[in-house]
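Novice: These are the residues of each chain, in order.
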Amino acid sequence: MTSIVPGPLAPRSSGHPSLLALDRFALGHEDPSVAEHLLACDHCRAHLASVALEATPLPAWIRPRAPSGFMHRLRRTFRGRARNLMPPILAFGLATAAVTFVVTRTPLAPEAGSGVQLKGGAPVRVYLKRAEAVRAWRGEAVRPGDRLALAVSGDRPAEVLVLGAPPTEGPWTILWEGRVEPSGELLLPVSFEIDSSPPRGGEPRTERLAVFLAEAPIGQDQRTRLALDPTRPSPGLEKYLFTFPKEFQP
Amino acid sequence: MLEVEELYRRCFPIIRAKCARMLGDAEEARDIAQETFLRLVDADLGHFEPRAVSAWIYTTSTHLAISHLRKRKSRKERSALDSDTLELVDSADLTRSTEARATLAEIAHLAPADALEAAILHRIDGLTHGEVAEIMKISERTVRRLLARFDAHVTPLQAEAAGPATHSGPSTWALSNRKEHD
Numbered sequence: 001m002t003s004i005v006p007g008p009l010a011p012r013s014s015g016h017p018s019l020l021a022l023d024r025f026a027l028g029h030e031d032p033s034v035a036e037h038l039l040a041c042d043h044c045r046a047h048l049a050s051v052a053l054e055a056t057p058l059p060a061w062i063r064p065r066a067p068s069g070f071m072h073r074l075r076r077t078f079r080g081r082a083r084n085l086m087p088p089i090l091a092f093g094l095a096t097a098a099v100t101f102v103v104t105r106t107p108l109a110p111e112a113g114s115g116v117q118l119k120g121g122a123p124v125r126v127y128l129k130r131a132e133a134v135r136a137w138r139g140e141a142v143r144p145g146d147r148l149a150l151a152v153s154g155d156r157p158a159e160v161l162v163l164g165a166p167p168t169e170g171p172w173t174i175l176w177e178g179r180v181e182p183s184g185e186l187l188l189p190v191s192f193e194i195d196s197s198p199p200r201g202g203e204p205r206t207e208r209l210a211v212f213l214a215e216a217p218i219g220q221d222q223r224t225r226l227a228l229d230p231t232r233p234s235p236g237l238e239k240y241l242f243t244f245p246k247e248f249q250p
Numbered sequence: 001m002l003e004v005e006e007l008y009r010r011c012f013p014i015i016r017a018k019c020a021r022m023l024g025d026a027e028e029a030r031d032i033a034q035e036t037f038l039r040l041v042d043a044d045l046g047h048f049e050p051r052a053v054s055a056w057i058y059t060t061s062t063h064l065a066i067s068h069l070r071k072r073k074s075r076k077e078r079s080a081l082d083s084d085t086l087e088l089v090d091s092a093d094l095t096r097s098t099e100a101r102a103t104l105a106e107i108a109h110l111a112p113a114d115a116l117e118a119a120i121l122h123r124i125d126g127l128t129h130g131e132v133a134e135i136m137k138i139s140e141r142t143v144r145r146l147l148a149r150f151d152a153h154v155t156p157l158q159a160e161a162a163g164p165a166t167h168s169g170p171s172t173w174a175l176s177n178r179k180e181h182d
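First to last, the protein sequences are chains A and B. Quick note, the first sequence lines up with residues 1 to 250 if you use the numbering used here. Quick note, the second sequence lines up with residues 1 to 182 if you use the numbering used here.
One chain only, chain A, in its complex shape (with noise of 0.2 Å):
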């Protein structure tokens, strides 16, 4: 037994934010004196990258367990969003056939820590389209032949950027970008089909997606620094990273 000293960082007195205003900033709570800090501060970034978004599905032990008191609330806020999800479900026909990307990449080793949500507000929503039904994704693996799209909840404009995780180490491919106006939620028209490429040796059999929202057009600049690296705490934006498990046989 010795003594009971700071952990990893320090207290705001030694310069450093707090684990709390940390844990905060990544939860969405908007701090432009820890912004400001992370731009210059290795130490605070690789906090925030430890506590990045968890892209895995759901684990096992959540699901026995799943709260009466939550599965009611949640039974009551879709019966009261459910005539509000009709439209995109509706579009998601007209998405599809307006411009797909199919994913041709072998798929990749899944990235501890694979995401960082920066700032609070809209929330991006998966659908997958599997033969002619439509449904939110919920962790559950995707396979060949499966559309993926994607759909912006908000009551401002907002600058979409997606990026596809590529084949090998790179860069990270920009699948889309553009200005959307949702209102509630809203589908971009843009689909994504997960092709039927096997996987290779022993890597994992996943597919990934990065959607960056912004109240400001992104830059070329940092569009490349995105490209580059995703995972990258990004102040100003809010950042999504999607792992989707890929399986072949259903």
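Some hints here could point you the wrong way.
According to the in silico footprint, chain A covers these stretches of chain B (three or more CB under 8 Å from chain A) [said to hold, decoys possible]: (1) 51-65; (2) 110-117; (3) 138-147.
So the derived label-pair ranges between C-beta atoms look like this [as the list claims (entries may be wrong)]: (4) A:D155 to B:R51: 20 to 26 Å; (5) B:T59 to A:G15: 46 to 52 Å; (6) B:T59 to A:R223: 39 to 45 Å; (7) A:E140 to B:D42: 22 to 28 Å; (8) A:P59 to B:A52: 23 to 29 Å; (9) A:R135 to B:D151: 53 to 59 Å; (10) A:D229 to B:A113: 42 to 48 Å; (11) B:R30 to A:L228: 29 to 35 Å.
If you are wondering where the hints come from, they were derived from the structure by calculation, not from laboratory data. Built from N, CA and C at the ideal position, the CB exists for glycine as well.
On the provided structure of chain A, position chain B as indicated by the hints.
Specialist: Below, chain B without anything else, positioned relative to chain A:
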């Protein structure tokens, strides 16, 4: 509140890191993190507000960790666990955190729960007195009093552990809120 999947994506990494800081054993930290998350799902926090959610996470995970530490059966068991943990770490930061956890495990049975909570938040998580006061919903003055009470419980252990022949100097046992990296 968010759906379970989104809540998990956003909050679980933070809960996991918080529990790892408090508990040296990876399995124990995982168990407490999972219990904290399940309680978060079950909690009715209303609209997702980062400040409120983070405060809830810090409060609940700390309470669960303290409860868990107090359930450890014996001092021997605690010491063995901490020795195992110490063998796994090399960096100075991790070593200091491990030392902090070792002290925490020793003191968990002796110090009042609120003093323990204040010590964890301030000296392991590195929160300011103001932030500890916000999380614990008490005044900063009370925070300072709790930390002093915690130190008062630690002092006899310091003397016992140091002993007249093996005392390694005052800095080893100083419960100071030292500044760390650059």
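Novice: Which of the listed hints are not met by the structure?
Specialist: 2, 3, 5
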